[in-house]
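Protein chains in written order, with the working numbering: chain A, 2 to 111; chain B, 6 to 887.
It should be emphasised that the hints constitute simulated quantities derived from the structure, not laboratory data. Treat the hints with care, since some could be wrong.
[What the hints assert, rightly or not] In silico contact screen, one side only, chain A against chain B (beta carbon under 8 Å); selected entries:
1) A20
2) N41
3) G45
4) H48
5) S49
6) E70
7) R71
8) K76
9) R96
10) L103
[What the hints assert, rightly or not] Have a look at the derived ranges for each label pair, beta carbon to beta carbon:
11) A:G65 to B:L411: 38 to 44 Å
12) A:T38 to B:L496: 57 to 63 Å
13) A:N41 to B:L411: 32 to 38 Å
14) A:N41 to B:K415: 30 to 36 Å
15) B:E30 to A:G39: 29 to 35 Å
16) B:L411 to A:R96: 32 to 38 Å
17) A:T38 to B:L411: 49 to 55 Å
C-beta: ideal position from N, C-alpha, C; glycine also.
These are the residues of each chain, in order.
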Amino acid sequence: MKHTQLGEFEELVLLIIGALRDNAYSISIKLELKEHTGRNPSIGALHSALNRLEKKGFVESYEGGATSERGGRRKRFYTITAYGRKALDQSFELRSMFYHRLPKLGWSSE
Amino acid sequence: MSDPRVKYRPPHWPDKLLGWFCHEEHVEILRGDLYELYQERRQNGAKFWADLRFCLEVLDLFRPFALKKKRHQETNDIAMLKNYIKITRRTFTRQKVYSLLNVSGLSIGLACFILIFLYVRDELSYDRFHPGAERIYRVIEHFESDGVGEHSASLPFPAGPTLVHDFPRQVEHVVRLFNFQSPTLALANKDADKAFNESRVFFADSTFFDVFDFKLEAGDKATALDEPNTILITRSMARKYFNGEDPIGKFLEFQGTQNLLVTGVLEDAPLNAHFQFDFIVSFSTLKHWYNGDYPRSWYWNPCWTYVVLEENTTKEALEAQLPAFVQKYFHEFIRDEVTLELQPLVDIHLHSTLDYEIQANSDVKNIYIFGAVALFVLVIAAINFINLSTARANKRAKEVGVRKSLGSRKSQLITQFVFESVLLTFLAVLIAVGLVISVLPEFNQLTGRSLDLDVLLDPRFLTGFVILTLMVGLMSGFYPAFVLSSFKTTLVLKNAHLKTSGLSFRRVLVILQFTISIVLIIGTIVAIEQLKYLQNKNLGFDQENILMVPAIRSTMGDHYETFKTKALQSTSIKSITAVEEVVGAKHQVGNYQFEGMERSKPIPRFFVLHDFTKTMDVELIAGRDYDRSVVTDDSLALVVNETLVKSMGWGSAEEAVNKRFYFRNRLEGKIIGVVRDYNFVSKHNPIGPLVLPLNTRPRAFDLFIKYLAVKVDGNNLQAAVNDLKNAWHTVLPNRPFDYFFLDDRLNESYLGEQKMSKVTIIFSGLAILVACLGLFGLATFSVEQRTKEIGVRKVLGITTPQVLILLSKEFMPLVFAAFILAVPLSYILLREWLSTFAYRVGIEAIPFMVAGLITFLVCMITVAYNAWKASKINPIDTLKHE
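Next up, chain B with everything else stripped away, as it sits in the complex:
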């Protein structure tokens, strides 16, 4: 606003400010005065001081006489508020369809948002309940050479205590967790004749409660784990084993041999802890199993090790000293391949995908996807709200006209409409909360969580909600409010044709809405395809009708052959082998040195017993399988996979047979066979090299052989299970018999994707529904607007299909534009998502076409319904009034 006519221009912003707040009556004179003074000051002094004084003087003009005045006193605000409520109610009931569409759409959107918010909040809360959680780290071990090896969540036995010993100033506490790497361990209360295989048993150092803040309902945290042969059990387990009697001072039998004294009752593990436990056994109990001491190996790494750092130190400071630590303690032959790292406890649940995790973690990627979907649904719902309200604007133009002629100011009209939309939003929020309450149990089942509504009463959450309500209300009320209040009074009252202002804006919103919906549909289709692909693609071994029987730490090693002979007498049992881990899910790592290698390297390893290839239907492409008649196969022979052959640079599988391998540079034996590559871990990862050694030592069942794998006749499952159980009990009468199906367990690897696809299907379905509600509302409105036109056209002989075409012309281009926008957008997003999978489906045209077709059809139906309704109206009714 600086004036070109003056010699010196005063600073721009204060000048503008003056124009903004100053009353029109005074602004010319005052500005003139200020300019005159400013010119004089500039002539006699520095610009800075003149500017400063100009600013101060503008500010000084914030005086009652100079400010813009309201034309009259506001004494009727409260009365008007009452009036607004009344009018809101009347409009709501007069335009039932719109209002219901409006509010229900918004409530669905909000309900989705709340649900996903609860879910995401739960995901983010993992492990944060420990005071000082940010000082707790898990020490993890990377052990690899040329990208092959393992990223282990656990450490060797001596690592934990040595860390405290070597870094007393940085490490405050350390705790190790251990479970024999066994999927289950047997516990029994002999008195009550209750025996179970338990999967959530951990051995923990007595410092357990110094690191973690789990609640102990009975017993003393300080001493509960001090003595050997003591155990803490959770409340649920106390019920399970002791029928609600006080378990303290009683005994549980561990693995059929060792009596453990119950010294405390734990509260059940919080569901948002990254490891779930039922029993905590004192670490010193382990000495019994290892000849009176803990294993001293720095190679075997089965202990999950957590440290609490001192307050005045950092993760980086300790990590900087870890390479030297590795060099000092780890075995010479693996030293250079091992790196230790501190992983923040609170990152484990969302960011950790290591080998040997205690249990499968979530993925932060899914949180982003869920969050995006929640936001999308909310945006779609808010767009509906805006669209329908602006569309309704014309209906209320008369009201606005009357209000204006009676002296309503623009600000009052805006207040009214914003108030109205906030009120409706609030209503929608209430309905949404009701919806959430009613579907929460199902949602919990779907996501496998126990989300709680308690959080809804949390003051922070309530404030957040009020803010959300206001925001959505304001956002969706502001635009209509401005459109409505800017109508020209006379035009409105004269019933002149109103330019449907906001139509183009509304179009943009509809396009946006449908773009999001189409992206969601395409994403959902591709996500389902990807999931199917992961679950169905041939794995290279047979996963059907395979029973897995946990047998670790049993005396099965002594009775294996007897058991096998007995079991195979059954006609329903076809073949039996035993394996180190669940086939296709997990493996361990061993050091191997083959011909042509300078030194040994860590390579994925999977111990098996005879008949592995036969039972699992793994194809042998060269050489022979382990043979029972060759006793030395146990130590002098190896079966490897194709990728290992390739990675060694041997020309063919045949060539690989008879290649030598060494142990500590001493000739050990030869490769006797090569199997076709099979997916020995989930398809999130590509196939790597693999060694399949035979381990027939009786003690193998202590650690290296964990399961029996039994191929059974699919038509006689029940008989097979019974026969197997009988065979089991003839050799192991005291050990409970447990089994699971391999294909079920393998599907669990894709639980994350399954959950995600379910949730996205539901929410994208809702998003489309909400978008259609909006379109329905708009179409209805459009018909109402054009009743006269349609009346005239009907008189002139228009047919129903023609009405449909007439109406489609208004909406179909929008849907088409949305489709054009959605295609590249979803392509980019999907490419990004799929790139995280080692095995992925290609992005093909079909999902895009299907999504386009679905959207098109749904829109068509919506519009067709309205067209049909419009064509049924008798033109006399619409044309007789003018």
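Next up, chain A with everything else stripped away, as it sits in the complex:
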């Protein structure tokens, strides 16, 4: 993945952003992470990753959706870009390619 430079945590976040579609913002991403991986990153760590993703061009953001519990402050929603999608695809392909090359022996011994 040399050319995309997608870190493990970043990849996970990128996937979640894609999966959450229109409702991908920090808190919802945090909840997804907590629910499915047990990780509970701090707001700082999460935003830091989101920022990196955006800088690298994997995601785009827009602001909106102010709610009362936020004191009327907007959220920053993220959407995956085509480049981001491509990076995910590449990463998936790479993984599945190697995955398929795993010797089947392991399986037969089960």
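Given the coordinates of chain A, assemble chain B onto it according to the supplied hints.
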């Protein structure tokens, strides 16, 4: 910043912190996230944990992406620094007058500060050079009844050794110092034919060096004072008596009779020791003078006694046992009136004002006054600096505008101006140090010190100085820096009229400055008046043309009458008496019991010989003086003063005559005369009761009669001194003749005040000078600001006096306000200061008026000079440009 729109408010401070460090771009989103999480946590859990996690998460946001960013990389800091230096230099040379005023004012202020700092530091260093100085105490004796008596710095002979003996666990060492209570003692090197009366001779126990850490250049500290008839002399004395030959093993003759072997050479006494010595004689030498033993009396208290306490004990622990000690040893008839106390060695110089001090001490009050003056001068100088720099701000507004439009940030501008003022301060410091170096000899002479500049190289002092420089630089640079950097770029460049921001602040500073100056002037005037009052007020006896001749421990007692007859043959010598101490400076204390008293009480006592009232011109208001024809006057008669009569409750002086007095409850004699009160000690103290007994015993000159007092003809002083000397040498051929004038010696009692008034005069003068420099700068500036206005006014026909009025309107109200502030302030301070004197001048209106007038005039002259300059400008020059 807590948001009223949310249900639960997160903790205030972390929230605020976030806003402070977080980049504007992110702050809304991040804060929103944190709030959202916080609401949820509060709904599901305790406030404490939610708060804690909120805090932690805020702290966690100290991440590069979230922090406020500088707009560009700082690669030009060094280059800018060079630029700042260049600009500083250019501004300095372009505005020479301001810059010089600015820097010189500050240097004067700093120089004053350094000088006084050196002085105060020296004062505070007294006696601290002994290792373990904080464990050394002087034992002092209070001996009084109903407020009358003595507070003695010295103890009876047996007290010291008994203390070590009785409290071996608490007292490690003890040393006694003794000098026969004699103002001078005679020493001679017969071989070299050198004989002098020395005033700094002390007898000291062999434990001297266990207590004090004075340096012995030659000889052995452990044994030097062990043997009787041995003496240590200082290096200077070795030169004086032995012409630089090695004095060890040689002899000095003491009082013309006793040979003392020199066993060591001392380094000269450090000037910051509370007692100054030239000779230390072994204590056992004294046995020769007291029939082979030390005096055993617990009444006579001539020994200054110092103890070193063991490390594990305290002053209080030992003091708690002293009342029992007093009861055990002191004579029955004084026991209840005596209290012993431990006085820390390091407190002696600044805090001790006891009777029989070895030498006069300083007063911590003066340190406070000096310190305050130093601080005042520095504050005034710093205010100048601030004022002139802010005033100059407008001049440099264009520069600021250009800098801003080229991308200078506010912080850079502040850095620039702070840097500039620190640089100027540093320059001022250098000049100040130069000034200090050049005036230090004079300052030393003035204060009677030998302050050293070595301390300036001490790393601690250097660091202190760097800090001081930075502080003054920052203080005086910060305000102008903020004013300058807050100018609006466009306005500045459009040359719009700038609001002279900081004017009101500057006004406050000018008022403060002049308040301080006026307080200093008033204080100085009153201090001088007080000093004059102390020195001039009629003392109740004649102090003019009185020669005092030390005669203690001479054989004068055997020859007194012969001497007197011989001396009085001279036409220039009018009258002779002999006295116990210097008249008007000192006295001793004796126990007396008068009619109507249950038991004896300590009362100030002053032994005299015949003709005391005549010689000293003390008025006798009842009864008679001692009469040579009444032989029993010596023991059966007493002359007392008015206050004693009053304190006994006797109706009048006449009534007091023939009142009886007792000794150990046995009838002794009667009061024969009462003298008018005279100041028998300095006017720091009120007049107390006094007994003036006659002591004609030949041995009186051993202890109770110390001086001859001779009234001479003021017009023939030289002849009088010569005649007296001849008379002296006919009866005492071997004893050097010494004398001093009484009025000179009495003036020495006020040396502290004299020194202080000199120093305050000088420093308040400088303070006013510095304040005027500042005012001058401001006035000059104000004229420059208003050149156009004055130009227009000139075209319309304004006269020079009118210009003066125009300018005065700006400054005079400030000076007036300062005056209004200074009056009550100085009144309070002076009342406080004067209350420490028994005799004091009243605080009158005149000093206040004089101070106001001086300040007003000086300001007027300053402003007038500028007005005159302004009115000379040709309006064409100022009006043709626009």
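Against the structure, the hints:
1. A20: Since chain B brings no Cβ nearer than about 20 Å to A20 (chain A), farther than 8 Å, the hint is violated.
2. N41: Violated, because the Cβ-Cβ distance from N41 (chain A) to chain B comes to roughly 11 Å (cut-off 8 Å).
3. G45: holds, 4 Å
4. H48: holds, 7 Å
5. S49: Cβ of S49 (chain A) sits 5 Å from chain B, so the hint holds.
6. E70: Since chain B brings a Cβ to about 4 Å from E70 (chain A), closer than 8 Å, the hint holds.
7. R71: Constraint on R71 (chain A) satisfied, holds at 4 Å.
8. K76: holds, 6 Å
9. R96: violated, 29 Å
10. L103: This interface hint is violated because 38 Å lies over the 8 Å limit.
11. A:G65 to B:L411: 38 to 44 Å: With a Cβ separation near 39 Å, G65 (chain A) and L411 (chain B) satisfy 38 to 44 Å, so the hint holds.
12. A:T38 to B:L496: 57 to 63 Å: Given a distance of about 58 Å, which is inside 57 to 63 Å, the answer is holds.
13. A:N41 to B:L411: 32 to 38 Å: violated, 49 Å
14. A:N41 to B:K415: 30 to 36 Å: Hint violated: Cβ distance 41 Å, outside 30 to 36 Å.
15. B:E30 to A:G39: 29 to 35 Å: At 32 Å between Cβs, range holds.
16. B:L411 to A:R96: 32 to 38 Å: violated, 54 Å
17. A:T38 to B:L411: 49 to 55 Å: holds, 52 Å
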